Amino acid sequence: MTGDERAELAALRLRAYGPHADIAGDPVALARLDVLEGRRATDAAAPAATVRTRSVLEPPVVRPADDPATDSGAVPEPGDGSRASDGGEHDADGAASDVSLWRRMRPRVDRVTAIWWIASLVVVAGLSTGTTLLVTHVVTSQHAAVLQRIPGDAPSAVMFTGTSTSSQAYESYLGMSVYTVIPPAGDMRCIAVIPQPDVYPDASLIGCALGTLPVVVDVRIGTSADTNPLASNCRPVVFTPAVEQAFPDGADLRFTARDDTVTVDAYPVARTPVTPNS
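Using full-length UniProt numbering, the first residue of the sequence shown is number 1, and each one after it goes up by one.
Rather than coming from a laboratory, the hints here were simulated on the basis of the structure.
In this text, all values refer to a predicted model and were calculated from it rather than measured experimentally.
Incorrect hints may have been included.
To be verified - Computed beta-carbon distance windows for the label pairs:
(1) T212 with Q245: 32 to 38 Å
(2) P214 with A185: 17 to 23 Å
(3) E171 with V199: 36 to 42 Å
(4) Q245 with D187: 38 to 44 Å
(5) P183 with D249: 29 to 35 Å
(6) A44 with H20: 25 to 31 Å
(7) D265 with D198: 20 to 26 Å
(8) P151 with D249: 16 to 22 Å
(9) Q245 with D202: 58 to 64 Å
(10) D249 with D198: 39 to 45 Å
(11) D249 with G152: 27 to 33 Å
(12) H20 with Q245: 57 to 63 Å
(13) P151 with P248: 15 to 21 Å
Glycine included, each C-beta is placed from N, C-alpha and C at the ideal position.
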């Protein structure tokens, strides 16, 4: 093939297999693509040959009866039924015709396959994104507040029968009182939360830890003391209106005692913004 023919073949391939393929509607270009493809295949199979027959260089193109090329009066390629041959040549022409038809159909098939493949990627990406968002919503907490120390001690209800070594009061959170307590025996520290100090001042939720372990107490909104293993008695856990408005039933609040503060984390995220001492 000459340099011009190779350039022409590259341009026709782009029209046939490129992202904006349009050769399916151009019978003349399709026929020329078949000719150049056959010529290139022949050159690759027999590079040393100097004489080639036209039947090898230009495989015949078989068109349907209603082919636009026939209706428009386009000149058919030599060999479209106009060439007499023996049985062997006829078989070769038939095989070449099959190849020609496949080449004409392949751009259309490739485009359909590519469209379905891209669509499947979009669906998978959408499902993956939805799954990731769901998991994030379940496991992610909202850092709701940091409670600072304030003057005062814990009430007797959370002082371990009045024999604790010391206690410390913190800022209230949505009306709930918060204290840390050090029991008299062992290397232990506890945190106590009184959900409704004005109504049930001795109904508290307490969590303790040994040594350097985190000191944590979990409070579930909408539960009662008889179903909450962290409750120190069997009185109902009644929450302040501010808590019930900020969190749905079943939400969890985690109070964690730090060195000089108590942090509050919400699971899931509160429905309305919340601040300490409200």
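Against the structure, the hints:
Distance hint check for T212 and Q245: the Cβ-Cβ separation is about 37 Å, which falls inside the suggested range of 32 to 38 Å. At about 21 Å, the beta-carbon gap between P214 and A185 stays in the expected band of 17 to 23 Å. In this structure the supplied range 36 to 42 Å is violated for E171 paired with V199, their Cβ-Cβ distance being about 20 Å. For Q245 and D187, the Cβ-Cβ distance of about 40 Å falls inside the hinted range of 38 to 44 Å, so the restraint holds.
For P183 and D249, the Cβ-Cβ distance of about 33 Å falls inside the hinted range of 29 to 35 Å, so the restraint holds. The hinted window of 25 to 31 Å between A44 and H20 holds, with their beta carbons roughly 28 Å apart. Range check, D265 to D198: Cβ separation about 25 Å, and the 20 to 26 Å hint holds. In this structure the supplied range 16 to 22 Å is violated for P151 paired with D249, their Cβ-Cβ distance being about 35 Å.
Checking the proposed 58 to 64 Å range against Q245 and D202 shows it is violated: the Cβ atoms sit about 25 Å from each other. The beta-carbon spacing between D249 and D198, approximately 21 Å, falls outside the hinted interval of 39 to 45 Å. Roughly 31 Å separates the CB atoms of D249 and G152, a value that falls within the hinted 27 to 33 Å. At about 59 Å, the CB distance of H20 to Q245 agrees with the hint of 57 to 63 Å.
Distance hint check for P151 and P248: the Cβ-Cβ separation is about 34 Å, which falls outside the suggested range of 15 to 21 Å.
Hint violations for this structure: numbers 3, 8, 9, 10 and 13, all remaining hints satisfied.
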